[in-house]
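Protein chains in written order, with the numbering used here: chain H, 3 to 244; chain A, 871 to 1470; chain E, 130 to 728.
Calculated from the structure, these hints are not laboratory results. The reader is advised that the hints may include incorrect statements.
[Unchecked claim] In silico DSBU-like links for lysine-lysine, alpha-carbon gap of 30 Å or less:
#1 H:112 to A:1112
#2 A:1112 to H:136
#3 A:876 to H:120
#4 A:876 to E:246
#5 A:1288 to H:74
#6 A:1288 to E:402
#7 H:9 to E:147
#8 E:509 to E:402
#9 A:1112 to H:111
#10 A:1360 to E:246
#11 E:722 to H:22
#12 H:111 to A:1460
#13 E:321 to E:722
#14 A:969 to E:246
#15 H:136 to A:1288
#16 A:1402 to E:246
#17 A:1109 to H:136
#18 E:240 to A:1460
#19 H:22 to A:1288
#20 H:74 to A:969
#21 H:12 to E:581
#22 A:1288 to E:423
#23 H:74 to H:136
#24 A:1360 to H:22
[Said to hold, decoys possible] Far from chain H by the CB rule (all over 10 Å, computed), these chain E residues:
#25 141
#26 142
#27 143
#28 144
#29 146
#30 174
#31 239
#32 363
#33 385
#34 498
[Stated by the list, open to error] A partial selection of chain H residues facing chain E, derived with a Cβ cut-off under 7 Å:
#35 71
#36 73
#37 74
#38 77
Cβ atoms here follow ideal geometry from the backbone N, Cα and C, with glycine treated the same way.
Spelled out, the chains give:
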Amino acid sequence: MSIIQTKDVKKWFGDFQALKGISMDVAEGEVLVICGPSGSGKSTFIRCINRLEQHQEGQIIVDGIELTNDLKNIEAIRSEVGMVFQSFNLFPHLTVMQNITLAQIWVRKKNRAEAEEKAMELLERVGIPEQAQKFPGQLSGGQQQRVAIARALAMEPKIMLFDEPTSALDPEMIKEVLDVMKELAQSGMTMIVVTHEMGFAKEVADRVMLFDEGQLVEENTPEEFFNNPESDRTKLFLSQIL
Amino acid sequence: MVDLIKKNAKSLQESLFSSVGSAALTIATTYLVINFFRGMLGFALTSDKDWLAVLNNMQLYMVQAYPEEDFIRVWLSVGLTFVLAGLSIGIWRSDDRVKSSQVFNSFFKGGLGVLFFTIIAPTNSSFMGNDGSVITEEVFSMETRLGILIPVAIFCVIFFSIRFININFTVNSSDMVFFYLFIPVALLWFIKLPTIQLDQNNERIIPDPVMPIADTTKIPWTVIFVSFLASYFIGMYLKNIKSIKSIMSLSWFLLPLLIFSWIFKKPQIDMSVVLGSDLPIFGAFLLWGFLVITFVNNSIFKKYYSTYLGLTFLLTLVGVFSGLPMLAKTCLLLIALFSVVVPAVSTSSQGKRSLLIVWAVALVTLTFLLRGGASDTGIVVPGSSIFGGFSLTWLLAIFGTYVSFPLGVLLALGRNSKLPIIRIVCTGIIELTRSVPYITWLFFASVTLAVFLPAGVEFNLIVRVLMVTAFFSGAYFAENIRGGLQSIPKGQYEAADAIGMSPFQKISLIIMPQALRAVIPTLVSSAITAFKDSSLVTIIGLFDFLTIGKTVIGNQSIPVNFVGHDRENLIFVAIVYWIFTFTLSRRSMKVEKKLGLGER
Amino acid sequence: MKNALKTLSFFRNVVFLKWASQIVFLVGLLYIIWSYIQNAVVNLEQTNIAFSWGWLGETPGVSIAEGMYTLPNSGRQMIQVGMLNMLRVTVTGIFAATFLGTFLGIARLSKNYIVEKTSTGLLEVVRNVPLLVQIFFFQAFVLTFPRLEVFDVGTYNLHVSAKGIAFPWFNRQPTAYLFWVYLIAILILANKIYKWRVQILEREGRETRPFLWSFGIFFGLLVAGWYGGYRVMGVIGFLAGYISTGVDLLPAIFYQILFSSIAVFIGYRSTKKFIDSKKSEEAQGIYSDDDYFKIILNVIVVLLVVVLMFSSVGLGLSNFLVGDELVFKADWGVPQFFDGVNNKLYWNPEAKIVLDAQLDGMKRADIIDWIAVPGTEVTKGDVIARATAKDLKGDLNQEISIYAKYTGVIEEVFVSKGDTVKINEKTYDIRVTDSKPLELSRPRIEQIGTTKFKKYADGFGKSLSVGYFAIWLGVVLYTAIFISEVVRAGIMAVSKGQSEAGLSLGLGRGALLRLIVLPQAIRVMLPPMGNQYLNLAKNTSLGIAVAYPEIVAVGQTLYNQEGQTLPVFLIWMAFYSTVSLTISTIINYYNRKMKIVER
């Protein structure tokens, strides 16, 4: 059963059409990697899935709930979809611990002790339990991104969206974040990852997609995608990136 | 020692006489500065000035016409403020330590300053008499000069030579506050500032036995100082209690309300009304709030929560336009708002407990203020207003900031909102308010505002001034806060959205704390401006600190004639304002450094 | 459960909620405003002072201490005087404060210990004392001096009394306007020459001494101008005379169409520019709500201008702004404007001789002796005639002297012994030529008629009233201190690295400051500087505290007379908004210019 369904999703910024009819299904537990040149609409697409951007035409159904202007639906979807951003977007005025417990307490209405327990558990999972009382500004980029993953996981989402999670990182820090993501994928989380890390795609992804100019150009298994691409656009893209 | 002098001399030479131009600049500036100070000293010391005009009117300056038998209220207010300050200093006691050499060095420098002024003080000074002739007189005799020079020089030498003896100890910087306050309080016991009166022949006399001005204040000040010190130690002791800091913040928030209602009124409270009407209403609403908090997570209650909210709002609407007592109406409004907030806030049992405390405190404050406000006052003041002099200036400054700050936050949020109508309205309010000078708003308050109020509703001029001040400084605060809001990156909003926060939570937990922290310096300077601007009420005829100095004393002929001595008083007023604003701006600079922006 | 969520009920629709909440807000706000207006209507009815603008046309019956007219004949004129008095402080204050502030700002960055500490000390004193206290202090300081009456009549170099401060000053001669225009013209010329030389320098790569060239030519022309060369500019007045005659013949509708089309054209162009800018790459043609409102606002402003142009409201407004004096009619003052130019900028303007002072009740004077004949050279203040002054009935004779108001050679005299002349500033009785554009003169104390009261003579040196002195010094010093902070921060914001980069390129200190540091510093400084100018403009309203008749003080006097508080408040609001808007427009203009430099 597919947990995310999109049908002919279109979006315009003014005169510029960012998405030109995207249709896809994501099954539960699947790891989907989206790649493509910058400006191809891949970020816009995943931001539409948790309504950070609003699509204008088509349908997006997440876990059986359709994304419309309904306030309750938006709230429901946001609490089921976690998101990790390119620029981390941790809250700089709160400690790591507070960053992770905040939404549990205020949105999930857990009590503080429970929330902190959960937070420690997650910090151990991402490998930085000793940084709990520090402020984000005191951490390295890789550590910050791992905190951001923990923060998203604290909401116990069914789906995780990653918007270029490693693009803002120094090369030596990329691995530590990717390791966390691999571990997450192996645990059976449904993930949509926008990334240029082809190694990650080869190793972890169930499916790889290529976006170009707001369109879904190719959709394939990793082996096929990298070794035997269907379209010329994919060949060109791969030749540029590899 | 020779090395020290050599080193200093070298750096001095580098900074002052590095080139011919620099040397010329140094000499010219020094000449100008010395002559300026000589002129100022001469101006202050000539016999046409009467500094007793300042000293004799301290009471007028502080409280204007407040009745003497109720002074205890004023003293208690001041005392309470100091006790709270003492507690806070104790609780937030910093670990910074000041070296003894730094302290001695500041004494030495202070002494040098006095020496400098004593040496440059002019022997003769002149002023122009009423007939246009220039009168020259001796203002600073050699004996006085030596009388100051010798002891101060000795003082300087002592504190200069201490640095060559190895006494090294450090003092906690918080403790120094008490030392600096101790000096003026101690001086009250030694310095006699006589009051003067007139005898039968209209000659000035100093009545016997000497009644120093400080006599009436030295005992209260001493008591206050002692309790200040005591509360400091208590504060250090209380430091480790968990929620003490939030309790202190709340007390600081409530203190002005308490003090001003206290000074403003000696409520003649009718106990039968309190017992018969206020107490039941209070109890009922306390219970209501308690029930809402307790059952908010109950699944059945949760299901019908919107129905409950609707009913509450309906009840409020009906209640407000009915004949219920004022307290009940206000409480209804409050519970309606409270009910909206509770589900967003209440979570853990701890959260529930603090919510209940907030609710109880709000109810107590409301009941207290409303009952106090509705009762007759027992304080009889001859003039038009109870507040006058420094107490009025203080009221305007603190309440101006108090009311305008939340308004500023709201306006800033409105102006930054995505909703176009709200944004346009807020922008309009901010820009219209800021486009005209404060004084025109004061005139609006004093003459025009009454036109817009419903017939029969009248506010005291002070209240009207506070109303327009709230808008005026609110608009300025709003612009500052908007600057902070704009500095928050878009990602912060998105991150908060992505973890499912409601707009209310997003603003109050993520955006506002960051925005406010970013603009603390500008907010403080706006508050300082508001404090300075409060002096403008003198133009619309309120008796603030400046009015007392400029107009009241300048026209005072009873008991002693001080007509025309407004220059001395203006200088005094300027010095007092200066001390407050200067200290405030220096403190804020320190706080700013301490907060740093390292956390981002 | 999930199915229940799928159905969309309108009260959970985000779009519905967004607009519903705003409309509720707006309706609530309008209701509140409406109810307050209702209150006002009821209250005003009860006090019998209905809201009206009628007082603008009535004679207020009060005098103003200083300004263009001291006895205004209508409420409108009175407000104009207040506006001009306010602008007088604001405009001169802005220049003075900028100058002083820049000086102090640089002093605060000085490496010289004494200079730095002195300027910092001044900053801490002025910044931390309320402006009002400072203004009161300056007032009290001048009021310490004795009354003017204890001093003798005569000429002084510098004079301070309780009436004010007087000092020598370059007073305007009739040809001064010509000279100002000439000065502006040669300044522009010097600038052009500088740019031309720099261009050659850049093209041919040889030393062209641009500064020396432009300054030399400027100085030479200045000297030539001072000795009569400025009269070249009289050609403007000459031409304006013809244009005036020409445009007088055009019908009113021509002006209405002309001004309307200008407004439409400007509105169209700016909107088009805005839309074009939105079509660029990075903007991607996205319009936010703000952008739509900007476009709508543009259209509204243009429509408003057109409507004003054709309606009686517009005429009333122009009448209000410029008044009857210039007879503003449907032609929006164009012929009058050219007439004025013709008058002021003609190469041989008419000079006037003013009879001695305003004498109480004295309206006319018989000339009994005329001293100055054509061909004589007179200096300002010379006695040129003696006369007997008398009041309307002819009683109260009193001998007075007639002084020359300007310096120059008398060319023609239109009066002679035995004539009766009006004591009125508008009498053109002789023509003076060859006068210098500006005349340095010293202040004089004169007796007002036979009374014991004295005053500083008009047009001799410059006298500042106590109020003007206090408010001017107050706002200038206060603003200068804040400007010095702006300047300091601006220069410090240009990082040390920038200076080092410049030095490493081999630029000299002067070139470094001019080419690297200043352009960047000014860009940082401009917006806060603009804020300080706005504050200065608003702070001039404190003039009311020291009896300086600026717009707020005048307004207060007026509503004390008429009881019309609301219209006065509206006038204040409109006036200050206009001034603020003008200042910020100018600052924005320069800001944009600077930003282009950056690219």
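Status of the hints after comparison with the structure:
1. H:112 to A:1112: The given pair, whose Cα atoms are some 21 Å apart, holds under the 30 Å limit.
2. A:1112 to H:136: With Cα atoms ~20 Å apart, residue 1112 of chain A and residue 136 of chain H stay inside 30 Å; holds.
3. A:876 to H:120: violated (66 Å)
4. A:876 to E:246: holds (22 Å)
5. A:1288 to H:74: holds (20 Å)
6. A:1288 to E:402: Cα-Cα ~25 Å, so holds.
7. H:9 to E:147: Holds, at roughly 27 Å.
8. E:509 to E:402: violated (56 Å)
9. A:1112 to H:111: Status holds; Cα separation ~22 Å.
10. A:1360 to E:246: Distance ~43 Å between residue 1360 of chain A and residue 246 of chain E Cα, so the pair is violated.
11. E:722 to H:22: violated (41 Å)
12. H:111 to A:1460: With a Cα-Cα distance of about 39 Å, the restraint between residue 111 of chain H and residue 1460 of chain A is violated, given a limit of 30 Å.
13. E:321 to E:722: holds (18 Å)
14. A:969 to E:246: With Cα atoms ~25 Å apart, residue 969 of chain A and residue 246 of chain E stay inside 30 Å; holds.
15. H:136 to A:1288: With Cα atoms ~34 Å apart, residue 136 of chain H and residue 1288 of chain A exceed 30 Å; violated.
16. A:1402 to E:246: holds (24 Å)
17. A:1109 to H:136: Given that 30 Å is the threshold and the Cα spacing comes to 23 Å, the pair holds.
18. E:240 to A:1460: holds (25 Å)
19. H:22 to A:1288: holds (27 Å)
20. H:74 to A:969: violated (62 Å)
21. H:12 to E:581: violated (90 Å)
22. A:1288 to E:423: Distance of about 16 Å is within 30 Å: holds.
23. H:74 to H:136: Violated. Residue 74 of chain H to residue 136 of chain H sits at ~35 Å, over the 30 Å cutoff.
24. A:1360 to H:22: Holds: residue 1360 of chain A and residue 22 of chain H sit about 26 Å apart, inside 30 Å.
25. 141: For residue 141 of chain E, whose nearest Cβ neighbour in chain H is about 5 Å away, the distance does not exceed 10 Å, so it is violated.
26. 142: violated (5 Å)
27. 143: violated (4 Å)
28. 144: Violated, since 5 Å does not exceed 10 Å.
29. 146: violated (7 Å)
30. 174: The assertion about residue 174 of chain E holds, with a minimum of 48 Å to chain H.
31. 239: holds (37 Å)
32. 363: holds (57 Å)
33. 385: Its Cβ never comes within 10 Å of chain H, the nearest being 39 Å, so this holds.
34. 498: Holds: least Cβ distance 85 Å, greater than 10 Å.
35. 71: With Cβ-Cβ at 4 Å, under 7 Å, it holds.
36. 73: holds (5 Å)
37. 74: The hint holds - residue 74 of chain H has a Cβ within 7 Å of chain E, the shortest such distance being about 5 Å.
38. 77: This interface hint is violated because 10 Å lies over the 7 Å limit.
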